[in-house]
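Visitor: One-letter residues, chain by chain:
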Amino acid sequence: MPDAYLELRAVAMQYGSGAQAVAALQAIDLAIEEREFVTIVGPSGCGKSTLLYLVGGFLRPTAGTLGLRGRPITGPGPDRGIVFQRYSLFPWLTVRGNIGYGLDEKAVPRRERDRIVDEHVRLVHLEGFEERYPRELSGGMQQRVALAQTLACQPDILLMDEPFGALDAQTRRILQDEVRRIWQRDRRTVLFVTHDVEEAVALGTRIVVMSARPGRVKQIFTRGFDVAVGDEFEANPAFTDLKLRIWRSVKEEVDAVRA
Amino acid sequence: MPLLIRIAPVALVLAAWELVSRAALVNPHVFPPVSEIALRWVALFVDGRIYLPLWETVWRALAGFAVAVAIGVPLGLLMGRVRAAEWFFEPLFSFGFPLPKIALIPLYVHWFGLFSLSKVMLISTDCLFPMVLFTYHGARGLSPVYLWSAQSRGTGRVRMLWRVVLPLSAASIYDGIQVAIVVAVLVAVVSEMVSGSTGLGQLMIRSYRFGDVRTAFAALVTISLVGYALYSAVQWLRGRLLFWHTGDV
Amino acid sequence: MRLLPLFIIVAAWQAASSAGWLPKALLPSFWEVASALGALVSSGEIFRHTASSFARAGAGFAIAVIGGIALGIVMARVKAVQRAVEPVLLLIYPVPKPALIPLFMIWLGIGDVSKVTVIALACLLPVVVASFNGARSVDDVLLWSARARGTSEHRLLWRVVLPAALPQIAAGVRTAIAIAIIVLVSSEFISAETGLGYLIFSYGGVGADDAMLAVVIWLGALGYLLDRLYLAGLRRAMSWHAFAH
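Quick mapping for you: the protein sequence lines, in order, are chains A, B and C. Per our numbering, the first sequence starts with residue 9, numbered consecutively. Per our numbering, the second sequence starts with residue 57, numbered consecutively. Per our numbering, the third sequence starts with residue 44, numbered consecutively.
You can take every hint at face value.
Reference excerpt, derived from the structure (chain C facing chain A, CB under 10 Å, subset only):
1) D183
2) V184
3) S188
4) R190
5) R192
6) S195
7) V203
8) L209
9) W283
10) H284
Partial chain B-side listing against chain C, Cβ under 10 Å, derived:
11) E146
12) P147
13) F153
14) A159
15) V269
16) L281
17) Y287
Honestly, the hints are just simulated from the structure, not real lab data. Note that this is a predicted model, so its numbers are computed, not measured. Note that the Cβ used here is the ideal one computed from N, Cα and C, for glycine as well.
With the hints as extra help, turn the sequences into a complete structure.
Guide: Quick look at the structure:
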């Protein structure tokens, strides 16, 4: 059977060894197709960020294999772009400098680089802020820059680690719409980790629920309907229904830990 | 085992020095073998030649340091809490800071003579700056809560400095002390090197002048040990004196 | 204004001298010192000595800064280098560098080379320590982010670690400036033919206190200016960083 776009087979992650070993993930099997927007939810400590970092190549699994487009994942690289929750912009570079960072690494010629940077500045609606430094920007704007910085590298898959977790609710909503808009334009493959079930359903075409630690894939839901930009999805009964079902699934895991 | 790994590079450097010197790859009159320096160092203790200079350097450093603390801490506290004092003194210390006080050696010799007094005065002057500045910044940055609490329990202004501001600024003051003790040894040695009479610095310079390089190196080693010992003592004392400090003032 | 206390002191100084409270033998009047400074400036002599002093200090400083930053960063990222170098640095640390001046003069001659070498050695330590600490405390997120955008391990040092460590490095360099001046003056006291330290020492030796103090004040003013210029330059170059000064 041909590999999926992103293929995880029996991936496990353990910290420490011997008696003090902590299993973060156990036997994860996951297949993600191209152009999917997959969100991952689960209780705190279930290892969803760990999973993302494994796909990103920042960590090595203690067991199992990860493959992107048929090639094994061995380390970080621009084909797997990542957006962190915070503090990931280079404080000594302006907005333009940050967005163009990956292009500089690829030695893209100047004119082309500027064109791409301008395009991405427009893409995330930050016209007029090109020469600002990160410390002069709000949290929401910083995350826009981070997103633009990642997209400018044209990654095969976009990894997002609770990117809106540090923002207030309103900004979060606005940025969710931005992500949706951009995704609908590009149809890039996205793996999005969040603890917010509503966000997971609002953004993901498929929602993966992880169990409590040691994490494994508990359940995968498919969102059968579309959520358009600017939708009031709270008013959609199909949305609320799915959200409730997923929330129950997650809650089981949360309760299992507390018990 | 870890200790061995840590010492290894140093041991290697010393071993290389020994070999290079004995093989005369460098001029042994400039760099005598480590073993001969070590022997001379021991000899200085045995025949007693080192005790007087050692005592001179150490007591000058400590005396100057003590004067600087005695004047600097109250002054810094005053500056930190009394606006008039701050207004007057802060520019003096700010401007004076970048001036190498060592440049004042000839002036101090002129005023205080060639012997210990001029050196102690110079050491005090040099140590005064870090003491005042660290104390001042410590006293300035205090959370008002402690002060308000003391005020509402009837503490007068002067007692306030002594009973509240001083303990609260203790950590910052002690940072100043750690800087000052190093400065004290440094200035003691340099002033002895430049303006005669006695002390380890003078011993070292005189030895060079007479071509007795081994003694000069032994003096240098002693100087370094003195500096290290005093700093370590001050460091150790910090744990004893500031045991109550939580670190979030 | 902030300088007012200084003016008050100067005025008091002059008044005390003029009123005879301050004997000339003890301390020349402010006016005498100022005139001496004026004479030194107009004859150009002080510039000649300033140039040679600052050439020495500048060279030693530059060597220490470039070498120290490189060494500190490599030490922070390559454990083997840290293990090899750190104990040696700890050995040199307690030695008061001006005490090495006579040794270096015997070894390298009484000319500029020995002075530059001692200054470089003295300035090296604070720069290495600051660079080491700065490079060590770079946020992992920045490193991961850079790697995820295609930065190779080699380029990582230059493109991410160095800029991220810059605030701490800058503080170490500022300390190095002060140390350079101190060691410079010490070395010029001990043996020199030119330089501001030499001037101070020789004027003091012949009892020309007014000229001596003039040079001291000149030196102090230069030290102050250098520090201010450095901070101003820093603020501009690192406008991206939130400085609390």
